[in-house]
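Novice: Note that our numbering has the sequence shown beginning at 183, numbered continuously upward.
Treat each hint with caution, since some may be false.
[As the list claims (entries may be wrong)] In silico BS3-like pairs for lysine-lysine, Cα to Cα no more than 25 Å straight-line:
id : residue 1 : residue 2
1  : K734      : K786
2  : K606      : K582
3  : K582      : K572
4  : K599      : K786
5  : K685      : K734
6  : K755      : K606
7  : K685      : K724
8  : K572      : K599
9  : K599      : K685
10 : K786      : K775
11 : K786      : K770
12 : K770      : K755
13 : K770      : K781
14 : K582      : K775
15 : K677      : K724
16 : K677      : K599
17 : K775      : K724
18 : K781      : K755
19 : K781      : K734
20 : K734      : K775
21 : K599      : K656
22 : K734      : K755
23 : K656      : K724
24 : K786      : K582
25 : K599      : K582
26 : K755      : K775
27 : K755      : K786
28 : K781      : K582
29 : K606      : K685
30 : K582      : K755
Read the hints as simulated data drawn from the structure, not as lab findings. None of the values given here were measured: they were computed from a predicted structure.
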Amino acid sequence: MVQTETDTTIYTYPYDDSLGIWDVIEVTPTDYLITLDLNLAGVFFPSRGAHIEVEFTIQDAPDYNCFGGTAVGNETIYDYAFDITPGWRLNLNLVPVVWTYDTSTGDTIWASGDTGVLVMGAAYGATDSFDEGIDEMAPPLPPDTGGPSIVPPSFLLGSDRLTKDIKSLESTEPVWLIWTGTTAGTLWWDTATGLPEYGAFVINGYLDMRSTDHYAYDAAEAIFINFTPEFITLHTGWNLVSVPVNPTDPTPSAVFHVPDHQIFWYNPWSMAYEHPTVIHPGYAYFVLYIPDAGEPDEITFSVSGAPIYEYTIDAPLGWVTMGSVYDFGGVDWTTGGHVTTIPADALWGVYSYNPETDAYEYAPAIYAGKGYWAYITLPSGYSSASINVKASWLKAGEYKDPLSADDIAHLDIDGEKLVLAVQKDATNLPDRGLDWLLPPAPVDEIHPAYLLDEGMQLMRDVRPDANWTLVLNKSAIVRTDRPITANGTLIEDSKMLSAGTYKIAFGGGRIPSVLALHQNNPNPFNPVTAITFDLPNDSNVKLEVFNMLGQKVASLVDGDVPAGTHTVRWNGKDSNGNEAATGVYFYKLTTEKQTLTRKMILLK
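Build the full structure now, drawing on both the sequences and the hints.
Specialist: If you want it as structure tokens, here you go:
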């Protein structure tokens, strides 16, 4: 009998050598070890958070003389039962390095110390707090004798030190914290058999524990181990995803858990969406997730297969999709040499799709499980480019947007987010790094709007002067955070426009009737944000940024300003050009008659 939380299934198996479900090994002349092959027996876990009870009966066949001296078979019935609790354990072997005195030379040297073991894992019935009988406390520290004390590494759980920390199997993204104490050393683990078959284990945000079997640590270091059971997330609607593994079963529906007709890839050679017959790493796929009644709006899962740490694809001029490698710290394609092309610099830009906003975003790094669009440019003499992506094993660095616009407007047109910016060093042609291209729309969809520059569709267009071309593919409400003109028509906040092509410029707008300080955009921000204020009269104006202690961080405006609506930008730096720390800041507008203050958040 196999009993789960939801149902009970009865299996009956006669034992014979050919069936192979049971294995009987004689341990002693009177004791036997009986094992059950769960796969052959059909015993499976409906989920990782399930508990299974197995009961089985052993009965001698009555037609056989089982013991000498009797003519009747032994009909004694033996009943057994056992529990199967899913879970996993991983031993982390600690080899600390300690100071020792070399008696032969008289030197004090580093040497490997005693090996200790920390145990991490997950189990059904465990919690993320301390569980008596499951987790284990570390031994108490020795008393303080006034001399140097040795504090061995341990897990930290609140104020408790543990040598065994077992989390709940139902935790979506558990985190283990190891404090290394007073010793440096190396952490070792078994990549072949120690880790569970599913999920990603990443140390300190960048080191994949499947790709290496050790980590060197310093004294007084905090080691964070993050476990992500699944690396693919599907939201309701379209999703752009990839597989950082060679799938064990590469059929589309087996990989993405939706019907084949809801899975597409973009063929860069025919410039058309097609249904794939197999799923390959190295490419991205548009997957349409439509939950049935009672199903969640979002599902996450992993894909069985061997992880890939490098791939190479070929692509012609124009758009191509790119997949990911098994690197959860992110592969920075802008620097570092982990994404290369032949010819060099063929990669113009990389973009991701946000299924929650149904909009594209600039993507400075490539993360496992995500899918990406890339635009390829080719010099004379080339008909295609070769793109190589390899894992970096380093956490992707913070992206530094080169935009430092003198003026900017953010448009929202039926969900399409467009950015108009003026920057003196920009050109009237597409500028790599400054301008962001707009990838093709999802299957059977069109972009409601885009910016047009030299025949290329953009979602951010940075120019030396305030003149842009906006194309609307359908009638839509154009929303803006600063006044603009469309073919000479002023749009102060929002306006319905018909399908067509429009010449866009910044509009002065009418003179505001009251003094106003608007919320910065974006907020939170990193590293640049725009601050807009309305000035009903000419005035001497100060616009300053302060930290939580009331200390002035930066002065953005200090002088006479004419009446009107004005937008200035703060680049997240103080008056000395140093980057400000993450945190809450206040920006204060001071005029000759009034002072206004708002709060903003710098988030790195």
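Novice: Look at each hint and say if it fits the structure.
Specialist: Here is what the structure says about each hint:
no., hint, result
1, K734 - K786, "20 Å, holds"
2, K606 - K582, "18 Å, holds"
3, K582 - K572, "22 Å, holds"
4, K599 - K786, "22 Å, holds"
5, K685 - K734, "41 Å, violated"
6, K755 - K606, "20 Å, holds"
7, K685 - K724, "34 Å, violated"
8, K572 - K599, "31 Å, violated"
9, K599 - K685, "18 Å, holds"
10, K786 - K775, "36 Å, violated"
11, K786 - K770, "22 Å, holds"
12, K770 - K755, "16 Å, holds"
13, K770 - K781, "9 Å, holds"
14, K582 - K775, "38 Å, violated"
15, K677 - K724, "32 Å, violated"
16, K677 - K599, "16 Å, holds"
17, K775 - K724, "12 Å, holds"
18, K781 - K755, "16 Å, holds"
19, K781 - K734, "14 Å, holds"
20, K734 - K775, "21 Å, holds"
21, K599 - K656, "15 Å, holds"
22, K734 - K755, "12 Å, holds"
23, K656 - K724, "43 Å, violated"
24, K786 - K582, "11 Å, holds"
25, K599 - K582, "20 Å, holds"
26, K755 - K775, "28 Å, violated"
27, K755 - K786, "13 Å, holds"
28, K781 - K582, "23 Å, holds"
29, K606 - K685, "20 Å, holds"
30, K582 - K755, "13 Å, holds"
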